[in-house]
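4 protein chains.
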Amino acid sequence: MKNSAILLITCPDRKGEVATIADFIYRHNGNILHADEHGDEESGLFLMRVEFDPKEFDIDLGNFAKHFSPIADTFGMTWRLAQSSHRQRLIIFVSKYDHCLVDLLYRHKSGELACEIPLIISNHPDNREIADFYGVPYVVVSAIKDNKSEAESRIHGLIQQHQPDFMVLARYMQILSNEFVNRYPQRIINIHHSFLPAFVGARPYHQAFERGVKLIGATSHYVTEVLDDGPIIEQDVVRVSHRDTVEDLIRKGRDLEKVVLSRAVRAHVENRVLVYGNKTVVF
Amino acid sequence: MKNSAILLITCPDRKGEVATIADFIYRHNGNILHADEHGDEESGLFLMRVEFDPKEFDIDLGNFAKHFSPIADTFGMTWRLAQSSHRQRLIIFVSKYDHCLVDLLYRHKSGELACEIPLIISNHPDNREIADFYGVPYVVVSAIKDNKSEAESRIHGLIQQHQPDFMVLARYMQILSNEFVNRYPQRIINIHHSFLPAFVGARPYHQAFERGVKLIGATSHYVTEVLDDGPIIEQDVVRVSHRDTVEDLIRKGRDLEKVVLSRAVRAHVENRVLVYGNKTVVF
Amino acid sequence: MKNSAILLITCPDRKGEVATIADFIYRHNGNILHADEHGDEESGLFLMRVEFDPKEFDIDLGNFAKHFSPIADTFGMTWRLAQSSHRQRLIIFVSKYDHCLVDLLYRHKSGELACEIPLIISNHPDNREIADFYGVPYVVVSAIKDNKSEAESRIHGLIQQHQPDFMVLARYMQILSNEFVNRYPQRIINIHHSFLPAFVGARPYHQAFERGVKLIGATSHYVTEVLDDGPIIEQDVVRVSHRDTVEDLIRKGRDLEKVVLSRAVRAHVENRVLVYGNKTVVF
Amino acid sequence: MKNSAILLITCPDRKGEVATIADFIYRHNGNILHADEHGDEESGLFLMRVEFDPKEFDIDLGNFAKHFSPIADTFGMTWRLAQSSHRQRLIIFVSKYDHCLVDLLYRHKSGELACEIPLIISNHPDNREIADFYGVPYVVVSAIKDNKSEAESRIHGLIQQHQPDFMVLARYMQILSNEFVNRYPQRIINIHHSFLPAFVGARPYHQAFERGVKLIGATSHYVTEVLDDGPIIEQDVVRVSHRDTVEDLIRKGRDLEKVVLSRAVRAHVENRVLVYGNKTVVF
Numbered sequence: 000m001k002n003s004a005i006l007l008i009t010c011p012d013r014k015g016e017v018a019t020i021a022d023f024i025y026r027h028n029g030n031i032l033h034a035d036e037h038g039d040e041e042s043g044l045f046l047m048r049v050e051f052d053p054k055e056f057d058i059d060l061g062n063f064a065k066h067f068s069p070i071a072d073t074f075g076m077t078w079r080l081a082q083s084s085h086r087q088r089l090i091i092f093v094s095k096y097d098h099c100l101v102d103l104l105y106r107h108k109s110g111e112l113a114c115e116i117p118l119i120i121s122n123h124p125d126n127r128e129i130a131d132f133y134g135v136p137y138v139v140v141s142a143i144k145d146n147k148s149e150a151e152s153r154i155h156g157l158i159q160q161h162q163p164d165f166m167v168l169a170r171y172m173q174i175l176s177n178e179f180v181n182r183y184p185q186r187i188i189n190i191h192h193s194f195l196p197a198f199v200g201a202r203p204y205h206q207a208f209e210r211g212v213k214l215i216g217a218t219s220h221y222v223t224e225v226l227d228d229g230p231i232i233e234q235d236v237v238r239v240s241h242r243d244t245v246e247d248l249i250r251k252g253r254d255l256e257k258v259v260l261s262r263a264v265r266a267h268v269e270n271r272v273l274v275y276g277n278k279t280v281v282f
Numbered sequence: 000m001k002n003s004a005i006l007l008i009t010c011p012d013r014k015g016e017v018a019t020i021a022d023f024i025y026r027h028n029g030n031i032l033h034a035d036e037h038g039d040e041e042s043g044l045f046l047m048r049v050e051f052d053p054k055e056f057d058i059d060l061g062n063f064a065k066h067f068s069p070i071a072d073t074f075g076m077t078w079r080l081a082q083s084s085h086r087q088r089l090i091i092f093v094s095k096y097d098h099c100l101v102d103l104l105y106r107h108k109s110g111e112l113a114c115e116i117p118l119i120i121s122n123h124p125d126n127r128e129i130a131d132f133y134g135v136p137y138v139v140v141s142a143i144k145d146n147k148s149e150a151e152s153r154i155h156g157l158i159q160q161h162q163p164d165f166m167v168l169a170r171y172m173q174i175l176s177n178e179f180v181n182r183y184p185q186r187i188i189n190i191h192h193s194f195l196p197a198f199v200g201a202r203p204y205h206q207a208f209e210r211g212v213k214l215i216g217a218t219s220h221y222v223t224e225v226l227d228d229g230p231i232i233e234q235d236v237v238r239v240s241h242r243d244t245v246e247d248l249i250r251k252g253r254d255l256e257k258v259v260l261s262r263a264v265r266a267h268v269e270n271r272v273l274v275y276g277n278k279t280v281v282f
Numbered sequence: 000m001k002n003s004a005i006l007l008i009t010c011p012d013r014k015g016e017v018a019t020i021a022d023f024i025y026r027h028n029g030n031i032l033h034a035d036e037h038g039d040e041e042s043g044l045f046l047m048r049v050e051f052d053p054k055e056f057d058i059d060l061g062n063f064a065k066h067f068s069p070i071a072d073t074f075g076m077t078w079r080l081a082q083s084s085h086r087q088r089l090i091i092f093v094s095k096y097d098h099c100l101v102d103l104l105y106r107h108k109s110g111e112l113a114c115e116i117p118l119i120i121s122n123h124p125d126n127r128e129i130a131d132f133y134g135v136p137y138v139v140v141s142a143i144k145d146n147k148s149e150a151e152s153r154i155h156g157l158i159q160q161h162q163p164d165f166m167v168l169a170r171y172m173q174i175l176s177n178e179f180v181n182r183y184p185q186r187i188i189n190i191h192h193s194f195l196p197a198f199v200g201a202r203p204y205h206q207a208f209e210r211g212v213k214l215i216g217a218t219s220h221y222v223t224e225v226l227d228d229g230p231i232i233e234q235d236v237v238r239v240s241h242r243d244t245v246e247d248l249i250r251k252g253r254d255l256e257k258v259v260l261s262r263a264v265r266a267h268v269e270n271r272v273l274v275y276g277n278k279t280v281v282f
Numbered sequence: 000m001k002n003s004a005i006l007l008i009t010c011p012d013r014k015g016e017v018a019t020i021a022d023f024i025y026r027h028n029g030n031i032l033h034a035d036e037h038g039d040e041e042s043g044l045f046l047m048r049v050e051f052d053p054k055e056f057d058i059d060l061g062n063f064a065k066h067f068s069p070i071a072d073t074f075g076m077t078w079r080l081a082q083s084s085h086r087q088r089l090i091i092f093v094s095k096y097d098h099c100l101v102d103l104l105y106r107h108k109s110g111e112l113a114c115e116i117p118l119i120i121s122n123h124p125d126n127r128e129i130a131d132f133y134g135v136p137y138v139v140v141s142a143i144k145d146n147k148s149e150a151e152s153r154i155h156g157l158i159q160q161h162q163p164d165f166m167v168l169a170r171y172m173q174i175l176s177n178e179f180v181n182r183y184p185q186r187i188i189n190i191h192h193s194f195l196p197a198f199v200g201a202r203p204y205h206q207a208f209e210r211g212v213k214l215i216g217a218t219s220h221y222v223t224e225v226l227d228d229g230p231i232i233e234q235d236v237v238r239v240s241h242r243d244t245v246e247d248l249i250r251k252g253r254d255l256e257k258v259v260l261s262r263a264v265r266a267h268v269e270n271r272v273l274v275y276g277n278k279t280v281v282f
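Residue numbers (numbering that gives the first Met the number 0), protein chains in the order written: chain V, 0 to 282; chain B, 0 to 282; chain E, 0 to 282; chain R, 0 to 282.
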């Protein structure tokens with residue numbers, strides 16, 4: 000797969016942005032492969048993702064900032080440049096339920112997720128075997144009530160050591176401290192097993208069963224301080240009926256969770272997600 | 000369309016119910032056309048819908064209760080008998096938004112909804128023209144803040160006069176009093192423009208837009224005292240993205256609302272809905 | 000609603016197109032509102048839709064061609080400029096089934112379809128009443144077997160008179176001659192009541208029932224010489240089961256047909272559809 | 000999980016069947032847990048699935064036939080009795096693509112598929128590792144062009160040895176001979192990667208891409224002599240757009256194939272599928 004450069008931009012909406020950016024890339028001999036824009040009327044923001052072929056680009060991408068800064072300053076842009084050749088590093092967090100973990104590891108191996116997985120962190124030893132099968136190191140960090148901050152500082156150590164670009168909570172049943180969450184904004188993806196904002200918190204399938212809904216859902220979102228309230232990346236639902244017990248909801252929900260989480264992870268890996276306010280654009 | 004008899008039963012779950020009911024119908028020379036059962040483990044309830052051809056049935060359906068009572072008593076059944084030849088009477092309530100009203104009237108005319116519509120009640124005169132086109136009387140009952148109980152007593156009068164079997168709030172933007180609602184349990188169907196229990200109350204599309212969800216929904220339910228909390232009959236969703244404005248959500252939502260409400264109304268008209276606790280079985 | 004200008008472009012894919020187009024608009028003081036691009040690897044084609052605010056644009060849009068031609072020639076572009084203020088003229092063709100017609104007329108009236116409907120042509124008088132309700136002239140052109148070319152020449156006359164931008168076959172059960180179809184390439188939209196290419200031709204719901212499929216579909220496409228083979232604009236499906244009779248498929252299918260056709264018509268009206276080969280890009 | 004007995008019946012539709020069957024079970028002290036019926040008007044057939052608790056049933060299930068035969072003869076029933084405690088034996092066939100295999104093995108291990116998997120047969124050695132991980136024997140039977148009948152007779156030998164109740168072609172890219180297929184009617188389940196009957200035969204995703212469809216599908220069906228024409232058990236679709244390459248269709252399709260195949264296998268394992276003509280009832 001050939002390398003492509005991905006420029007992600009957020010700035011106040013005003014005339015000339017597309018032309019200026021496209022011209023900059025063209026002038027330096029880059030070939031635009033895809034471009035997506037979104038103007039958000041409410042916030043007055045302009046968001047853009049441009050993917051271009053850097054093969055004949057006459058600026059070394061290491062010096063991109065120097066050349067692009069004047070434009071960025073003029074338009075008040077927040078921006079970053081990614082390269083598809085850089086495989087992001089992902090640490091997966093998991094507890095006992097293994098369906099999302101197994102799914103991610105399989106997709107990774109099959110080439111669907113163009114990232115590295117240097118580590119799995121769990122508060123239980125149960126999923127070591129599948130981690131071994133896929134050759135991913137698996138570290139158990141027990142989360143006993145009284146040592147929460149101790150556990151988190153051990154996790155910090157592992158993060159320091161493995162330098163992930165982002166983390167995925169693949170049914171990780173520990174609530175992370177605000178301090179932890181705030182260190183990694185837009186870098187922790189969670190899967191919640193309901194159609195948020197319905198059924199926030201614990202046991203959403205039981206809540207759904209109690210309420211008698213006719214569809215159940217799953218939501219993948221970035222983690223923020225407020226529980227189950229971060230920017231939503233992807234959601235989907237599946238039909239249920241009175242014939243479905245709570246166990247059936249849980250089983251049907253597993254398929255949803257896997258698909259929804261993997262779509263979100265893939266979008267993140269491909270640098271397709273931009274956050275603005277408490278929302279996402281997924282280009 | 001030939002007549003069929005529909006027996007709807009709820010009772011504590013115990014051995015022999017299906018056999019006893021099926022045998023009763025068979026013994027009296029009825030031919031079972033469809034039978035659906037549901038045993039709800041949690042509540043220990045058994046629910047059943049049996050549709051049979053009464054043509055050669057040797058009991059006059061007017062005397063059904065007398066013959067069936069011994070069985071019903073033995074099993075502690077709550078039951079009712081409906082006939083497809085009895086066209087239920089429906090009063091539609093509507094405010095200004097006309098999409099659900101127009102949809103119901105068209106489906107009714109085209110034969111999809113086997114009921115009568117003797118009356119439309121509205122708090123605005125706006126939709127009189129389409130009511131006239133379909134030949135349905137249209138009465139305006141203004142709902143001024145200070146005369147709420149007066150308005151409701153006028154509505155009661157219309158109900159007395161027209162004797163509806165059930166009522167549909169087809170985007171009726173007045174909150175009915177508890178007293179009103181409690182008079183007609185499981186006989187008032189509402190359409191709420193969100194995937195309940197998410198976005199209860201006013202302006203759900205605006206709430207959905209604010210939250211940045213990736214799907215929007217609609218929910219049809221029986222009205223109870225608690226706002227947007229009654230037993231859900233039908234729900235569905237449609238995908239949205241960052242490109243959709245609130246206006247787009249409203250437009251896409253209209254198609255959902257129409258379909259979800261009409262499915263619920265049709266299920267009710269065909270005597271397919273049984274309520275238990277705060278849930279429904281839709282056979 | 001403010002006016003916007005929409006530039007639609009198809010050309011061989013090469014470097015600098017986006018920059019050149021964006022620069023042209025910017026240089027002449029237009030503000031890009033939305034831009035969508037697609038590079039089709041297989042055909043080597045580049046397709047683009049740019050919507051810009053022409054309020055301060057310093058070229059009179061009537062002279063756009065003169066100024067844009069040099070660019071178009073350089074890149075070998077096929078292009079056209081549309082304006083949202085120009086309401087396209089649509090002639091609807093219908094036979095007896097009225098659900099798509101009723102749906103289109105309602106959506107038109109409610110403002111969802113920003114076009115004019117100067118005429119409905121039918122081979123039956125049945126739907127005159129609803130046309131009258133919505134104030135749209137309704138002309139019956141009977142299609143007797145022996146006078147097909149005569150009927151078509153009458154239709155041509157009506158087209159000459161009413162100058163439609165495009166036509167919609169809203170369940171029009173006459174097969175149009177190749178000669179007719181070829182006069183209006185990409186200007187006739189049909190709704191076929193199956194998930195094409197499954198169940199081409201007559202009675203697709205009966206075919207679907209026979210085959211025992213678990214989903215039924217509807218397809219909206221541009222009409223070409225080959226029956227049910229033109230470029231697909233939109234498709235959707237709905238779940239069915241063994242409990243559904245052919246009549247149920249027809250009923251469920253009606254809801255699909257309405258939604259699929261109206262989405263296609265809306266995309267066409269908003270100048271979002273580009274045809275390449277036998278496919279469409281719907282931006 | 001407690002044992003349940005499942006009685007599956009097909010017979011000409013006539014009065015008294017439900018009563019007679021329910022009464023038989025009740026009389027012998029069985030408790031009906033679920034009952035589903037379907038009367039197919041077209042063929043005049045009645046199909047039924049009754050699940051009952053055999054704990055206090057006063058007939059030994061080994062002698063069920065002797066006691067039930069008089070009823071079966073009277074009504075001309077084709078029937079069989081299954082028990083949930085009997086775990087069906089499944090042989091999986093696979094070629095190189097592993098996604099369906101991996102999915103089935105994971106679901107099996109997690110308890111979703113209540114069957115035994117004594118053997119995997121493949122024409123390639125590639126998937127041995129995952130089979131080993133899940134502890135399922137894996138036998139390679141190469142299918143060279145000239146030795147097709149030889150390969151099939153080897154497969155027959157393996158079938159004789161392992162006595163499967165049914166087989167699943169989990170992306171097995173060999174066409175089985177009619178002779179082979181006819182030996183196992185309604186016992187071989189295939190997954191075809193299109194929404195049948197669209198795109199029969201080879202490379203359906205390429206066909207779908209060429210045709211420019213807006214949805215792609217997958218179909219699980221029983222294998223019959225005619226390619227991709229057997230009774231459909233389950234189908235589903237997913238939306239695609241012009242942005243999706245053939246590779247994207249293949250990737251999106253994998254998720255569909257896994258879900259559709261596993262639903263079909265689960266329905267088969269739970270004795271929920273009845274075939275009539277070239278169709279299925281899935282209760």
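Treat the hints with care, since some could be wrong.
Label-pair ranges, simulated between beta-carbon atoms [as the list claims (entries may be wrong)]: (1) G43(E) <-> P184(V): 36 to 46 Å; (2) K14(V) <-> E178(B): 56 to 66 Å; (3) S141(B) <-> Y183(V): 21 to 31 Å.
Simulated from the structure, these hints should not be mistaken for lab results. If you're wondering where the values come from, they're calculated on a predicted model, not measured in any experiment. The C-beta atom is built at its ideal place from N, Cα and C for all residues, glycine as well.
Cross-check of the supplied hints:
For G43(E) and P184(V), the Cβ-Cβ distance of about 42 Å falls inside the hinted range of 36 to 46 Å, so the restraint holds. At roughly 59 Å, the beta carbons of K14(V) and E178(B) sit within the given window of 56 to 66 Å. Checked against the hint of 21 to 31 Å, the pair S141(B) and Y183(V) fails, with Cβ atoms roughly 57 Å apart.
The structure is inconsistent with hint 3 alone, although it conforms to all the rest.
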